[in-house]
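Engineer: Hey, can you work out the whole structure from these sequences and the hints?
Residue numbers (the working numbering), protein chains in the order written: chain A, 1 to 497; chain B, 1 to 390.
These aren't lab readings, by the way, just hints derived from the structure by calculation.
Be aware that one or more of the hints could be misleading.
[Claimed, not checked] Some residues of chain B that are not near chain A, with every Cβ distance over 12 Å (derived):
1) LEU161
2) PHE228
3) ALA366
[Claimed, not checked] Result set (BS3-like, lysine-lysine): computed pairs, CA atoms no more than 25 Å apart in a straight line:
4) LYS261(B) / LYS418(A)
5) LYS64(A) / LYS185(A)
6) LYS371(A) / LYS244(A)
7) LYS369(B) / LYS371(A)
8) LYS278(A) / LYS244(A)
9) LYS207(A) / LYS187(A)
10) LYS185(A) / LYS202(A)
11) LYS215(A) / LYS202(A)
12) LYS243(B) / LYS312(A)
13) LYS67(A) / LYS6(A)
14) LYS244(A) / LYS6(A)
15) LYS187(A) / LYS215(A)
16) LYS244(A) / LYS197(A)
17) LYS127(A) / LYS67(A)
18) LYS64(A) / LYS187(A)
19) LYS379(A) / LYS243(B)
20) LYS132(B) / LYS328(A)
21) LYS278(A) / LYS418(A)
22) LYS369(B) / LYS328(A)
23) LYS65(A) / LYS116(A)
24) LYS371(A) / LYS80(B)
[As the list claims (entries may be wrong)] Facing chain B, a subset of chain A residues (Cβ under 10 Å, in silico):
25) GLU176
26) ARG298
27) GLY342
28) LEU343
29) GLY345
30) THR346
31) PHE347
32) LEU355
33) HIS358
34) ASP359
35) LYS371
36) ARG411
Even for Gly, the Cβ is constructed at its ideal location relative to N, Cα and C.
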Amino acid sequence: MSLEIKGITKKFGAFVANDSIDLQVNNSEILAILGENGAGKSTLMNVVYGLLQADSGEILVDGKKVKINSPADALAVGIGMVHQHFMLVPVFTVAENIVLGHEQSQSGVLTLTEAKIRIKKIADEFKFAIDPDALIENLPVGVQQRVEIIRALMYDAKVLILDEPTAVLTPQETDELLNMMRILKSKGTSIIFITHKLREVKAVADKIVVIRRGKVVGNVQPSTSQEELASLMVGRAVDLEVNKSMSSRGSTVLNIQDLSIYDGSGRSIVSKLSFEIKAGEILAIAGVQGNGQSEIARAIMNLEPHVSGSIKINNAEILGNSVHESIKSGIAFIPESRELDGLIGTFSIAENLILNTHDEAPFASFGQISKSAVIDNAKARVEEFDIRAQSVDDHTNSLSGGNKQKVVLARELSRDVKLVVASQPTRGLDVGSIEFVHERLLAERTSGRAILLISTELDEVVALADRIAVIYRGEILGIVEPSVSREKLGLMMAGVK
Amino acid sequence: MFRRLESFRKAALLPFLAFVFAFFIGGVIIALSDSEVLANIKSPGKFLTSFGAKIGNSYLAIFQGSIYDVNLARGESFFKGFYPLSDTVVNATPLILAGLAVALAFKSGLFNIGAQGQFIFGAIAASYVGFKFEFSPVMHITLALLAGIIAAGIYGGIVGLLKAKTGAHEVIVTIMLNYIATFFILWILKTEAFLRPGSINPIAPEVKESAQLPLFLGEDLRIHFGIFIALLAAVFVWWLLNKSTLGFKFRAVGANANAAKTAGISTGFVTFTTMFICGALAGLGGAVQVLGTNHALSAEIGSSYGFDAITVALLGRATVTGTVLAAFLFGALQTSGLNLLSVTGTPFEIVQVIQALIVLFIATPALVKYIFRIKKEVSEKSIAAKGWNG
Numbered sequence: 001m002s003l004e005i006k007g008i009t010k011k012f013g014a015f016v017a018n019d020s021i022d023l024q025v026n027n028s029e030i031l032a033i034l035g036e037n038g039a040g041k042s043t044l045m046n047v048v049y050g051l052l053q054a055d056s057g058e059i060l061v062d063g064k065k066v067k068i069n070s071p072a073d074a075l076a077v078g079i080g081m082v083h084q085h086f087m088l089v090p091v092f093t094v095a096e097n098i099v100l101g102h103e104q105s106q107s108g109v110l111t112l113t114e115a116k117i118r119i120k121k122i123a124d125e126f127k128f129a130i131d132p133d134a135l136i137e138n139l140p141v142g143v144q145q146r147v148e149i150i151r152a153l154m155y156d157a158k159v160l161i162l163d164e165p166t167a168v169l170t171p172q173e174t175d176e177l178l179n180m181m182r183i184l185k186s187k188g189t190s191i192i193f194i195t196h197k198l199r200e201v202k203a204v205a206d207k208i209v210v211i212r213r214g215k216v217v218g219n220v221q222p223s224t225s226q227e228e229l230a231s232l233m234v235g236r237a238v239d240l241e242v243n244k245s246m247s248s249r250g251s252t253v254l255n256i257q258d259l260s261i262y263d264g265s266g267r268s269i270v271s272k273l274s275f276e277i278k279a280g281e282i283l284a285i286a287g288v289q290g291n292g293q294s295e296i297a298r299a300i301m302n303l304e305p306h307v308s309g310s311i312k313i314n315n316a317e318i319l320g321n322s323v324h325e326s327i328k329s330g331i332a333f334i335p336e337s338r339e340l341d342g343l344i345g346t347f348s349i350a351e352n353l354i355l356n357t358h359d360e361a362p363f364a365s366f367g368q369i370s371k372s373a374v375i376d377n378a379k380a381r382v383e384e385f386d387i388r389a390q391s392v393d394d395h396t397n398s399l400s401g402g403n404k405q406k407v408v409l410a411r412e413l414s415r416d417v418k419l420v421v422a423s424q425p426t427r428g429l430d431v432g433s434i435e436f437v438h439e440r441l442l443a444e445r446t447s448g449r450a451i452l453l454i455s456t457e458l459d460e461v462v463a464l465a466d467r468i469a470v471i472y473r474g475e476i477l478g479i480v481e482p483s484v485s486r487e488k489l490g491l492m493m494a495g496v497k
Numbered sequence: 001m002f003r004r005l006e007s008f009r010k011a012a013l014l015p016f017l018a019f020v021f022a023f024f025i026g027g028v029i030i031a032l033s034d035s036e037v038l039a040n041i042k043s044p045g046k047f048l049t050s051f052g053a054k055i056g057n058s059y060l061a062i063f064q065g066s067i068y069d070v071n072l073a074r075g076e077s078f079f080k081g082f083y084p085l086s087d088t089v090v091n092a093t094p095l096i097l098a099g100l101a102v103a104l105a106f107k108s109g110l111f112n113i114g115a116q117g118q119f120i121f122g123a124i125a126a127s128y129v130g131f132k133f134e135f136s137p138v139m140h141i142t143l144a145l146l147a148g149i150i151a152a153g154i155y156g157g158i159v160g161l162l163k164a165k166t167g168a169h170e171v172i173v174t175i176m177l178n179y180i181a182t183f184f185i186l187w188i189l190k191t192e193a194f195l196r197p198g199s200i201n202p203i204a205p206e207v208k209e210s211a212q213l214p215l216f217l218g219e220d221l222r223i224h225f226g227i228f229i230a231l232l233a234a235v236f237v238w239w240l241l242n243k244s245t246l247g248f249k250f251r252a253v254g255a256n257a258n259a260a261k262t263a264g265i266s267t268g269f270v271t272f273t274t275m276f277i278c279g280a281l282a283g284l285g286g287a288v289q290v291l292g293t294n295h296a297l298s299a300e301i302g303s304s305y306g307f308d309a310i311t312v313a314l315l316g317r318a319t320v321t322g323t324v325l326a327a328f329l330f331g332a333l334q335t336s337g338l339n340l341l342s343v344t345g346t347p348f349e350i351v352q353v354i355q356a357l358i359v360l361f362i363a364t365p366a367l368v369k370y371i372f373r374i375k376k377e378v379s380e381k382s383i384a385a386k387g388w389n390g
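Structural biologist: Written as structure tokens, this is what we have:
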């Protein structure tokens, strides 16, 4: 089946999200749509899937014009979509989730027998391993995604839209997904693959459409170089190489010995972990999400309640201190989720910039906050960190992801700190902002701060780290040099020593 | 300046429209509950006239009963017509203080249902200091007020402490503490310490004159200094929230407790301090009520101020100015109830129906927007109280 989009325009008020976009995907073809966050990729796909209605333009299936007003219409003409955030009921089984909305019953009782047979047939045909009776909540993210794909195939989707499917996956799961896409393609399914990751596009796409600010800015072949793709996407030349200079290492700043972290029910999350970081050094903890690395960062901030062992900053024990004391002992903390832990969305940029220094001079005297000092500080930080906002009074809710992260960086790095703990500092950011964060972390390294980088992005880890500690199920499998091969790192992340 | 006005207009539009609409529906109910109006149902012309007249008379009665009554001024001074306004202010005073106790808690992300109990404890403590001891007037008032503030502050602080240390939900705890306060006052009024000598009526002795809040517009009017205490408290809460470092912590925890915690703000400290201050505010309300209005403590001292306070704070969208304005509105409605009954024969309870309708429409912004065909521009900032799992 072929799908053609002609001149789709979608406006939100005065903002043009899609500006007469044309593209086409043919039978057995993988079309990648590449673009930064906010470029209009998701809007376009929501139009195609019937979640949004275009202001003008048309959609053709096999050369015939179709009207798609709802996801049901889309499914009827053979278009299926797997969303970035899965639409699954966690406490239902795989089979129950797949039949959801199309349940079959016998005298009022739900029957799954037929559905299970069909699921098995599809799984066999496409070589997906899946247990129809497994509960969704017990499945890894990659397998949950598989369930979404099978659901689309069950209802005869011939064109499959995958919206940022690798954002939530580990490197291994990503490879599996790319393989799966190739198999689907070989069986005649067309795929529209939405992403901002260049490597994946080059690995799997047959052709690439680059979208920037709602417009198609390039129709290119996968042989195009990564640099070229990136500059098309961003609209200027991008340096993908991180220029890491030599830095002199000083004395040990962070010294962690026998660190164990438990959850509320006493289960071990991290066990007997030891490492140290010197001034001017970046130690990266690499690993698949959920292996205890987030908790290590939180434990250093004394945000984890059940911790044993020792955490020393410049030889002074800090474990057991309050969060406030941890901040005061000279740690900058860039939390994993800026929206949840880093910023207060309904506070202004200026207020967010003093979140952890609001009761210190010059911001406070005699229990009262000096508005002028807060505003002056905000203006200086906005300037220094190139935060794009109309006013320092704007709520951080209204900022883009990159600018939000810049507010967090501006707050944390402007204090007198010895150690920077950066947890997934570039997650969900666009290329330009990633560049900024990387440069800033390297600048901190040069200025003699110790940096703990926690990341699931292998590229980032290899580019920035002086040493890489690979974590698997709460244990460090080994600390290696960044020059080690990606295969070796990938295997270690999967638990192979 | 313009920006500020604009944001005020946005914030006030929805409550205002809810208010207008509630009055409209209230009018229809008043008219349709009247047997004379209904008797005319067969002839549409007569029905509509009597329908309109009934509504008009009722709202005139509400205005006359709460703000200005021409009949009182007739033959006397113009000024005398404002007598109802004095009662409106007296009724608004406890609502302002208890309303602030609820609004401030909202800002810290807490739902303080317990203003009623805190109010009662404030009244008990102030009354005791008021009738038991002898001091010079200013001193006596100050000490009695302080007693109310501290007793109720502790009563509110218990909630904060329980929540901070054990995670108990403040809604449940405050509801239970309201029961305790309601029955505690019944019991304590029967103890020797609170009974009038030789009496078995559950009513405490009047507070000494030195502890009574002075009237300031003559003996005929009930209006007393309590309103200034309430307005001063409102200014304090405004300063606390918008200018102080403590208020910054309150708002941070209320808006995003996770981020506040990550920034080193102790949520337990904020929960406790907020509830202490909220208790103190409601307790000040109770103290002002007993020292200024009732003079003698009885089981009815709390009336339903602590519960109306929730409505007042919601109507005021948990802002200081909004809460004060809403308290005056409710004070006026409650003052007018008697007049409404005596002039038009409309039952007193209709006032409560209108109050309930106002809150109902505020709670359903989509409905009001639909009725008045308002586009999205009206801010939909919800008040930050957490659900059961928060």
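Engineer: Against each hint, give a clear statement of whether it holds in the structure.
Structural biologist: Hints versus structure:
1. LEU161: holds, 18 Å
2. PHE228: Its Cβ never comes within 12 Å of chain A, the nearest being 23 Å, so this holds.
3. ALA366: holds, 20 Å
4. LYS261(B) / LYS418(A): Satisfied, since the Cα-Cα distance of roughly 21 Å is no more than 25 Å.
5. LYS64(A) / LYS185(A): holds, 22 Å
6. LYS371(A) / LYS244(A): The given pair, whose Cα atoms are some 40 Å apart, is violated under the 25 Å limit.
7. LYS369(B) / LYS371(A): violated, 36 Å
8. LYS278(A) / LYS244(A): Measuring from Cα to Cα gives roughly 17 Å; hence the hint holds.
9. LYS207(A) / LYS187(A): With Cα atoms ~18 Å apart, LYS207(A) and LYS187(A) stay inside 25 Å; holds.
10. LYS185(A) / LYS202(A): holds, 16 Å
11. LYS215(A) / LYS202(A): holds, 21 Å
12. LYS243(B) / LYS312(A): Given that 25 Å is the threshold and the Cα spacing comes to 37 Å, the pair is violated.
13. LYS67(A) / LYS6(A): holds, 13 Å
14. LYS244(A) / LYS6(A): The hint is violated at about 45 Å.
15. LYS187(A) / LYS215(A): Not satisfied, since the Cα-Cα distance of roughly 32 Å exceeds 25 Å.
16. LYS244(A) / LYS197(A): holds, 22 Å
17. LYS127(A) / LYS67(A): violated, 34 Å
18. LYS64(A) / LYS187(A): holds, 23 Å
19. LYS379(A) / LYS243(B): Roughly 20 Å between the alpha carbons, so the hint for LYS379(A) and LYS243(B) holds.
20. LYS132(B) / LYS328(A): violated, 50 Å
21. LYS278(A) / LYS418(A): Between LYS278(A) and LYS418(A) the Cα gap is close to 10 Å, so the pair holds against 25 Å.
22. LYS369(B) / LYS328(A): Outside the cut-off at roughly 48 Å; violated.
23. LYS65(A) / LYS116(A): Roughly 35 Å separates the two Cα atoms, so the pair is violated.
24. LYS371(A) / LYS80(B): Since the Cα atoms of LYS371(A) and LYS80(B) sit roughly 46 Å apart, the hinted pair is violated (cutoff 25 Å).
25. GLU176: violated, 33 Å
26. ARG298: Hint on ARG298(A): holds, closest Cβ of chain B at ~9 Å, below 10 Å.
27. GLY342: Because about 6 Å separates GLY342(A) from the closest Cβ in chain B, which is inside the 10 Å limit, the hint holds.
28. LEU343: holds, 6 Å
29. GLY345: holds, 7 Å
30. THR346: Holds. Min distance 5 Å.
31. PHE347: holds, 6 Å
32. LEU355: holds, 4 Å
33. HIS358: This hint holds: HIS358(A) lies near chain B, its Cβ roughly 5 Å from the closest one there, short of 10 Å.
34. ASP359: This interface hint holds because 4 Å falls under the 10 Å limit.
35. LYS371: holds, 8 Å
36. ARG411: Holds: closest Cβ of chain B sits about 9 Å from ARG411(A), inside 10 Å.
Checked against the numbered hints given earlier, this structure breaks hints 6, 7, 12, 14, 15, 17, 20, 22, 23, 24 and 25; the rest are met.
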